[in-house]
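Chemist: For the protein sequence lines, the chains are A and B, in the order given.
Just so we're aligned: the first sequence equals residues 3 to 388 in our numbering.
Just so we're aligned: the second sequence equals residues 901 to 1179 in our numbering.
FYI, nobody ran anything at the bench for these hints, they're computed from the structure.
Any given hint could be a false lead.
Over 10 Å on every C-beta distance to chain B, these chain A residues come out as not near it, computed from the model [as the list claims (entries may be wrong)]:
(1) P57
(2) R82
(3) E88
(4) I97
(5) T114
(6) L140
(7) F148
(8) G150
(9) S170
(10) L183
(11) E255
(12) L267
(13) V279
(14) I280
(15) S324
(16) A354
Quick look at which bits of chain B chain A covers, simulated, 3 or more residues with Cβ under 8 Å [unchecked claim]:
(17) 948-960
(18) 1032-1041
(19) 1063-1077
Note that beta-carbon positions come from the ideal geometry of N, C-alpha and C, so glycine has one too.
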Amino acid sequence: MNVPTTPRHTATQAAADIRPGATPRELRCEGAWLLRSAAQTETRIEACLGALALPIEGELLIDAQAVTALDTSGAWLLHRMRRDLELGGRSVRFIGLRPEFDALLRLTAARTAQPAIAPPHAPGVLARFGSSAWEGLLGALGLLSFLGASAHALMRALKQPRRIRWRSILYNLQTAGVAALPITGLLSFLLGIVIAYQGAEQLRRVGANIYIADLVGLSMVRELSPLITAIIVAGRSGSAYAAQIGTMKVTEEIDALRTIGIGPLDLLVLPKVLALVIALPLLTVYTDIMGVLGGMVMARAQLDVGFATFIDRLDNAVSLTSFLIGIGKAPVFAVIIALVGCYQGFQVNGSAESVGRQTTVSVVQSIFLVILVDALFSIVFSWLKL
Amino acid sequence: MSAAANAAATTVPDEVIEIRDLNTRFGDAVVHRDVSLSVRRGDIFALVGGSGCGKSTLLREIIMLQQPVSGSIRVFGQEVIGLSDEQALPLRRRWGMMFERGALFSSLTVAENVAMVLREHTRLGAALIDEIAALKIALTGLPADAGSKYPSELSGGMRKRAALARALALDPELLFLDEPTAGLDPLSAAGIDELVHQLRDALGITIMMVTHDLDLLWRAADRVAVLGEERILGNGTMQELARSEHPIIREYFYGPRGRGAREQGTRVQGAGEQAWNRK
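Pulled out of the complex, with its shape left as it was, chain A reads as follows (with noise of 0.2 Å):
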């Protein structure tokens, strides 16, 4: 067989070198044309075609007998520098090149032949802002008719309670509501202490040290819990639902489930949504229960109030219909949430950065949404005088 071998990763070989030849119409190639000295060679053929009067019109030869190596790096700079030459008017011939460079060369010109595609235009400052407002708009709406989709789904699968798959709501239910007990007991936990510890300073003030349980338990079970509650599982939960499903997108595994003809909303999105529903509520009446737990620690390490006078005036201080409208946000909470992080993880297109970008962006939309949702809560319930 004949093939021809080129070692071109050793020492010996004198690096790529172009001069002018033995007339003013020839130029001699020299040396190993290869990509690990290509900056040079680029620097060389400048320099060297630059420092000669070619002649504007005829035939240029240029000698490359002496080229020893030739990769295709070298073969586009020899192919480039023909190019260039020949802009202007003048045809160029190598000659004495070895038939495998040859073969190269001419391959490298056959492939290159088709001209080359422009970068496109670099938008302006205004076309940016145009396309980013677009682009938050159509999400905006994006998330509208997902919410819409996922409610139809909800409807047909009441139609059919067979349709609902208890046992990945179960599972759901595990992971989003069993598993964050600890995270979430612990932090309400420190909340109600530091609350207690900031009001304790100016009751103690004016000798009203009984009224530390209507500070913990109204600010803790009315509003504080449901958002802690909320905002962790948002990291936690709402994070891994649009990393799981942005992930099953890369992988095809969304369409795939829509070609066996089970709807991705029923099988990921619907159990999602319900566990969360069910989980979040039970959540946050833990996290009151920690939360006042904590406030009542400090109660008594820092205004000599005991565990039963706190609970006695807990009483009188947390109504039923606080304890309610605590309770009544986080279902709302959970579907917002919920929605949130399997809307993000459709929306990923297939690049392993588009998982983690919608995941961050899953996360900041979900607690953003659930930050201005509470807002909007406190002023209906204040309209409504609750």
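Since chain A is already given, all that's left is putting chain B on it; use the hints.
Modeler: This is chain B only, laid out in the frame that chain A set:
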């Protein structure tokens, strides 16, 4: 050939890859038992065998993605088993690998995928890097606008070509192809056959591929090794293997799909050589 090149040729061994007594086990499952194999410079070498026979594992061991239990693998005369990443770097620059499913970086465009390798390992100017990347993409037969696309926007065949362009980025001396034609339409697959030949002839690349594609074997491979029952069952040209008496090799080449490819292949290959005659 010049004196310098001659001197170089004597220091570079003729065997680009040399495997001796290689043993691989996953837990209790034996994958390779005393496998020995060598690939000569400038050859297009194909490794074939049934699914799960350890072809890809062998390939991954050669390129240091996996460690065998015992044995020796020498690439360019250097032992690769037990090499640290730092020691392996000079070797890794001398070979290119095309993964079966492309393994393109999904957050980069095709051109950026190729350019990234050049940027990492050379000190070329940005413009030259872009030009060389565009050339590599053009060499694999992709249209010019493919360079600005993301891998997820390409068809399977185009993704494969893009992966080949990235494997060729550093002008490797040794090219590994894992199932280069799997999942391609016959026309694209034929394009790959031709491309493999052109690369070898124009660049003097040694190519080692793992494949199931009998057409590719007949058209492109100089030497073929059949892996099965944890060993090398046969090693030689396609003509030699086709005469083998080993039942697994016979089944492989004389199965319903083998016959057509062989007839096609002999028509292509046998033009200048003696016609293959069935015994």
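Chemist: Could you tell me which of the hints above the structure violates, numbers in ascending order?
Modeler: 2, 5, 16, 17
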